[in-house]
Amino acid sequence: MPKKKNSAAPRTRRDNNEGSIFYDNNKQKWCAKLRTGTYNASGNEKVKTKLFTYKTDAKKWLAQQRDLKARGELDFATTGGITLAVLSAQINNEKKALNKIKDSTYARNENTIIALKKSKIAYIPIQKINEQDIINYYSSILSYSQSYVDKQVRCVRQAYRYALKKGLIKKDIAADISLPKSKKKTKKVLALDLEQQRQVSEKIRTEIKEPYSSMLLLMMFTGLRPGEVSALHYSDINLFKKTITVKRGIMRTRSGKLYIGEPKTAAGIRTVPLSSEAFKVIRNYYKNNNRHIGLVFKGKNKNRGELISVNTTNEEFKKIAPAAQYTQYCLRHTFATRCIESGMNVKVLSKLLGHSSIKITLDTYCDVFEKYSNDSVSKLDEYLKEQKLVENL
Numbered sequence: 000m001p002k003k004k005n006s007a008a009p010r011t012r013r014d015n016n017e018g019s020i021f022y023d024n025n026k027q028k029w030c031a032k033l034r035t036g037t038y039n040a041s042g043n044e045k046v047k048t049k050l051f052t053y054k055t056d057a058k059k060w061l062a063q064q065r066d067l068k069a070r071g072e073l074d075f076a077t078t079g080g081i082t083l084a085v086l087s088a089q090i091n092n093e094k095k096a097l098n099k100i101k102d103s104t105y106a107r108n109e110n111t112i113i114a115l116k117k118s119k120i121a122y123i124p125i126q127k128i129n130e131q132d133i134i135n136y137y138s139s140i141l142s143y144s145q146s147y148v149d150k151q152v153r154c155v156r157q158a159y160r161y162a163l164k165k166g167l168i169k170k171d172i173a174a175d176i177s178l179p180k181s182k183k184k185t186k187k188v189l190a191l192d193l194e195q196q197r198q199v200s201e202k203i204r205t206e207i208k209e210p211y212s213s214m215l216l217l218m219m220f221t222g223l224r225p226g227e228v229s230a231l232h233y234s235d236i237n238l239f240k241k242t243i244t245v246k247r248g249i250m251r252t253r254s255g256k257l258y259i260g261e262p263k264t265a266a267g268i269r270t271v272p273l274s275s276e277a278f279k280v281i282r283n284y285y286k287n288n289n290r291h292i293g294l295v296f297k298g299k300n301k302n303r304g305e306l307i308s309v310n311t312t313n314e315e316f317k318k319i320a321p322a323a324q325y326t327q328y329c330l331r332h333t334f335a336t337r338c339i340e341s342g343m344n345v346k347v348l349s350k351l352l353g354h355s356s357i358k359i360t361l362d363t364y365c366d367v368f369e370k371y372s373n374d375s376v377s378k379l380d381e382y383l384k385e386q387k388l389v390e391n392l
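Per numbering that gives the first Met the number 0, the very first residue in the sequence shown carries number 0; after that it's consecutive.
If you're looking for bench data, these hints aren't it; they were derived computationally from the structure.
Remember, predicted model here, so these are calculated numbers, not experimental data.
Some hints could be false.
Derived SDA-like pairs (lysine to any residue); straight-line CA-CA distance at most 20 Å [stated by the list, open to error]:
hint, residue 1, residue 2
1, Lys370, Met343
2, Lys286, Arg269
3, Lys170, Glu130
4, Lys241, Phe278
5, Lys32, Thr48
6, Lys186, Tyr328
7, Lys186, Cys365
8, Lys346, Ile359
9, Lys184, Ser146
10, Lys279, Gln196
11, Lys26, Thr52
12, Lys370, Val347
13, Lys127, Lys184
14, Lys101, Thr252
15, Lys317, Glu201
Construct the entire structure; sequences and hints are all you get.
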């Protein structure tokens, strides 16, 4: 009587990244599985599965698939088309796996992909998308901010460059389409004038409890972002040199959980000298706290843990804000405005604020710089008149 094939064969498994082989007693077959590292429109990872009569065939097939996966050709070789949403998720996951992006960048990219998935174009195979489809998509998001539009455009363009490199498409049609411009008006930067700053500063000191009082004052007198203040460690502060080293910030996961991450750009990592007023804030806070280790500012909410969210500090600031449209970010802008009014060099200010380029600083505070430039020209006129280098009109 012939021996029954593999009926009593032991089950064999491998690590998920390398695939697995096992005997399926119900189907009386050897089953080979491999996680592809690619994702469907719902965000679930695809798994390739195939049944074999003999284990040796299953091993051979699995080795071939692992080789395709290593070359980045597995999903492309087995599907009739890959959508923008899936391709974008795959690119993001690949960059994370290769340690080419930070966790904070990975999370931001995920949010961009989630936004992309709200559109129809996200579910069309990239091979079937035409230029008009892309133009229509860009047109549909012009009511959002320029930052939002730029992120979506980068997501689409990156997917096309990747697809072209992998041989999925013959031409990068996204590269030929002009960059869209948002229809949403840029909000004017709100900063406190001198009298408002005096009033708000006093209210923060007398009406806001710690640690929020010191946190808000630090924003006002150092220009640090709210998330940067919340993530400060005692090791970041040097009282002898009177400096604060910024190298982390408060972030949120997709589920809303707070965590500490690195700045978006290298410019975000910087050392900020403490003004006399900022030094007083830190020194007084030190006096009222015995343990100078770990986080400087700690929350007491049992559900949120020790990390203090940006929303929490903003809620505290709203209690004494001069008007409803003012948020805690006006404290950072107030610091920048006072720096410009005092005549600080724009390059120095840009570095203090952690901007990745001087252009960002100039664009953000263009009105303040314009006013300062006009005042400077007026002072120049007066000086030239005093020196009798020009005639009085």
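Legend entry - Violated hints - listed by number, lowest first: Numbers 2, 13, in rising order.
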